[in-house]
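A.B. asks: For the record, the sequence lines run as chains A and B.
Take 76 as the starting number for the first sequence in the working numbering and just add one per residue.
Take 4 as the starting number for the second sequence in the working numbering and just add one per residue.
If you're looking for bench data, these hints aren't it; they were derived computationally from the structure.
Note that this is a predicted model, so its numbers are computed, not measured.
Wrong hints could be hidden among the right ones.
[Unchecked claim] Some chain B residues well away from chain A (every beta-carbon gap over 12 Å; in silico):
{"no.": "1", "residue": "Gln30"}
{"no.": "2", "residue": "Glu59"}
{"no.": "3", "residue": "Glu75"}
{"no.": "4", "residue": "Pro95"}
{"no.": "5", "residue": "Ile121"}
{"no.": "6", "residue": "Leu124"}
{"no.": "7", "residue": "Thr135"}
[Unchecked claim] Here are some of the chain B residues that sit facing chain A, going by a computed Cβ distance under 7 Å:
{"no.": "8", "residue": "Pro21"}
{"no.": "9", "residue": "Gly97"}
{"no.": "10", "residue": "Ile99"}
{"no.": "11", "residue": "Arg118"}
[As the list claims (entries may be wrong)] Away from chain A, derived, C-beta distances all over 12 Å, residues of chain B:
{"no.": "12", "residue": "Val22"}
{"no.": "13", "residue": "Ser55"}
{"no.": "14", "residue": "Pro129"}
{"no.": "15", "residue": "Asp138"}
Note that the Cβ used here is the ideal one computed from N, Cα and C, for glycine as well.
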Amino acid sequence: MSDAPQVRLRVLLFSTLRERLGSSELEVFVPAPATGSRLLDQLAAQYPAIAAYRPVVRLAVNQEYVPESVELHENDEIALITPVSGG
Amino acid sequence: MEFRSPTVWLRLMHEPLPVAEAVSFLQTPEAGGLALFLGTTRRWTDDRETLSLFYEAYEPMALAEMGRLSDEALRRWPVRRLCLWHRLGDVPAGEISVLVGVATPHRAEAFEACRFLIDTLKRQVPIWKRETLSDGQNVWVEGIPESKPR
């Protein structure tokens with residue numbers, strides 16, 4: 076186990092992921108520096124439902140799409156956006 | 004939730020969309036053309052019967068994303084009025100789920116801006132639908148995956 080400091084992240088879920096995980100919000104601890112891809116890799120390892128969407132899920136931070144290279148901070152509003160189907 | 008300025012009206016509503024309100028907002032003497040697109044719940048898809056659709060949104064981001072789309076439409080076309088409305092919750096077959104209205108000086112740009120707004124909304128705005136079929140099934144509709152931002 077590493078002693079690297081951990082960043083506590085809150086992740087919002089919607090539609091199919093919310094239903095499959097039975098929760099609209101996850102709390103995750105990611106070693107610093109926490110990036111979008113680290114977060115997604117860790118969630119995919121932990122939850123098969125998220126792993127299934129790993130290639131197509133988009134990350135939103137503070138209500139805007141961001142690249143996975145983004146660095147995440149404790150108070151960010153993070154959301155996983157599976158392919159949308161509004162309209 | 005909604006955002007309203009003298010030219011742009013964005014709405015996420017849990018009730019039926021009041022189309023007449025949109026039309027009166029869109030009418031202005033500066034515009035000679037007004038394009039209105041209404042998306043409705045289609046009952047039949049091949050031999051599958053849809054009884055209703057349930058729409059869920061990540062509401063604050065959906066409104067923010069609709070704002071970014073309308074900003075882009077305002078940059079690209081001489082838009083005088085713009086409405087982008089989406090209904091959430093249950094939408095029975097035949098009822099309206101989405102309304103896009105654009106008023107411009109001439110008709111060609113109204114059609115173009117309207118087309119851009121509905122096509123981009125369907126790819127970018129974080130709203131999802133779950134279908135209730137006549138055989139009792141309830142399924143989330145998967146959109147087409149978008150390339151990820153880099």
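A.B. asks: Each hint: holds or not?
C.D. replies: Outcome of the hint check:
{"no.": "1", "hint": "Gln30", "result": "25 Å, holds"}
{"no.": "2", "hint": "Glu59", "result": "5 Å, violated"}
{"no.": "3", "hint": "Glu75", "result": "14 Å, holds"}
{"no.": "4", "hint": "Pro95", "result": "17 Å, holds"}
{"no.": "5", "hint": "Ile121", "result": "6 Å, violated"}
{"no.": "6", "hint": "Leu124", "result": "6 Å, violated"}
{"no.": "7", "hint": "Thr135", "result": "14 Å, holds"}
{"no.": "8", "hint": "Pro21", "result": "19 Å, violated"}
{"no.": "9", "hint": "Gly97", "result": "16 Å, violated"}
{"no.": "10", "hint": "Ile99", "result": "11 Å, violated"}
{"no.": "11", "hint": "Arg118", "result": "12 Å, violated"}
{"no.": "12", "hint": "Val22", "result": "16 Å, holds"}
{"no.": "13", "hint": "Ser55", "result": "15 Å, holds"}
{"no.": "14", "hint": "Pro129", "result": "5 Å, violated"}
{"no.": "15", "hint": "Asp138", "result": "19 Å, holds"}
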